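K.L.:
Here is how the chains run, residue by residue.
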Amino acid sequence: NAGVTQTPKFQVLKTGQSMTLQCAQDMNHNSMYWYRQDPGMGLRLIYYSASEGTTDKGEVPNGYNVSRLNKREFSLRLESAAPSQTSVYFCASSERGISHDSPLHFGNGTRLTVT
Amino acid sequence: AQRVTQPEKLLSVFKGAPVELKCNYSYSGSPELFWYVQYSRQRLQLLLRHISRESIKGFTADLNKGETSFHLKKPFAQEEDSAMYYCALMGPGGYQKVTFGIGTKLQVIP
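Here the protein sequences line up with chains A and B, keeping their order.
Sequential numbering from 352 applies to the first sequence in the working numbering.
Sequential numbering from 53 applies to the second sequence in the working numbering.
Just chain B, with the same shape it has in the complex (with noise of 0.2 Å):
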């Protein structure tokens, strides 16, 4: 069975601190990873996934095949980063085969 794991609830961080969300699933085949995003009063959306390996909003995530890990991370910590992460695995036949993880709340401290 497909399981996402993100170990923190919540995670506080100080301004221009480095940040990293953890992320670990179990799944035996080559997933598809995403990490979605709520901030206050707004609709989750989609952040970035694996695949594209990009950069969005300062934030990246590696796949780590080894540690079963996608941790999203970002350098330097800013206000407007505080908000709900959710950590998402896709498994083959896509629509019934998304699992989320519980969210992390980032919480950036001025």
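One chain only, chain A, in its complex shape (with noise of 0.2 Å):
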């Protein structure tokens, strides 16, 4: 049982690049999210998607696009990189929206440098 993975756990891109970041959940869980950390500041909601087939922007979507491919899979897509998108990325995922007894699962990270 692995839990939340997510691939490549570092990367750096140029100025304008597009990658993708991938997260994928063993739980059977309906909720997953991605987040990201900046030195200084907690984490911040970049996406979520409540359960299959449904997709929102949290607090700062501008930049990103996601895609909720099945239950397991939420990836989490750069079209066109910007320095101020270096950061730590974090999936996580909840077996239903984030209460006292459905909390967080996160993934390991990925970090993110663009020049």
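Don't take every hint at face value.
Unchecked claim - Straight-line C-alpha distance at most 27 Å; calculated DSS-like pairs for lysine-lysine: (1) Lys157(B) with Lys109(B); (2) Lys61(B) with Lys360(A); (3) Lys125(B) with Lys74(B); (4) Lys125(B) with Lys360(A).
Said to hold, decoys possible - In silico negatives: residues of chain B with every beta carbon more than 12 Å from chain A: (5) Lys74; (6) Leu100; (7) Ala140.
Don't read these hints as lab results, they were simulated from the structure.
Source: prediction; values computed, not measured.
The beta-carbon is built from N, C-alpha and C at its ideal position, and this holds for glycine as well.
Combine the two chains into a complex, taking the hints into account.
P.N.:
Written out as structure tokens, the structure is:
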């Protein structure tokens, strides 16, 4: 039982390049999330998917797109990377909406640097 | 707007000393509060939640609505407690209404 798996672990991009961050969970969770973490700031929600087939914007969605490919997988795409997107990205899932009995389960993170 | 404040970026204590990681929140309703922890080379994981009133790994946290605080406490620090600790608040609407603090790094000195 791997939980939430993110790939890649590290990535360096040049400004304007595109890439997709992959995330998969094997816990049969309904909801999945993408967060970014920047120095001096807490985790901020980029996009989330409450259930298979739905996606919604979070706090900082600009410059990103997502795809909920199936119940297991939720990918994050940067179409044209910018230095401001240098960050650590976390994927997370929860059994259903976040609540005291449905907490977040996180992946190990992807450290992305855009030069 | 909901906000979570963790005033200390780094907290260093000696092994066996008491630990208190501070968390203050700003929220007008009845929040649900959590503590998440990230040990070195491990993923961020839930430590405890206020509604459960549980003690995990010797840590407890009490919600004080009057002081709008949810401080994390442990009477005797252990070396294995060294980690990053994040306080999180959830308002109604679950999915996008979770706000994290910036985190406090706890360093337990042997």
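K.L.:
Hint by hint, note whether the structure agrees.
P.N.:
Status of the hints after comparison with the structure:
Between the alpha carbons of Lys157(B) and Lys109(B) the distance comes to roughly 17 Å, so the proposed pair stays at or under 27 Å and holds. Of the pairs offered as hints, the one joining Lys61(B) and Lys360(A) holds, with about 25 Å between alpha carbons and a cut-off of 27 Å not exceeded. Distance hint between Lys125(B) and Lys74(B) is fulfilled; the C-alpha atoms sit about 9 Å from each other, no more than 27 Å. For the hint linking Lys125(B) to Lys360(A), the alpha-carbon distance of about 33 Å lies beyond 27 Å, and the restraint is violated.
In this structure Lys74(B) is separated from chain A by more than 12 Å, as the shortest Cβ-Cβ distance comes to about 15 Å. Some Cβ of chain A comes within 12 Å of the Cβ of Leu100(B); the nearest lies about 10 Å off, and the non-interface call is violated. Listed as a non-interface residue, Ala140(B) fails to keep its Cβ farther than 12 Å from every Cβ of chain A; the least gap is roughly 8 Å.
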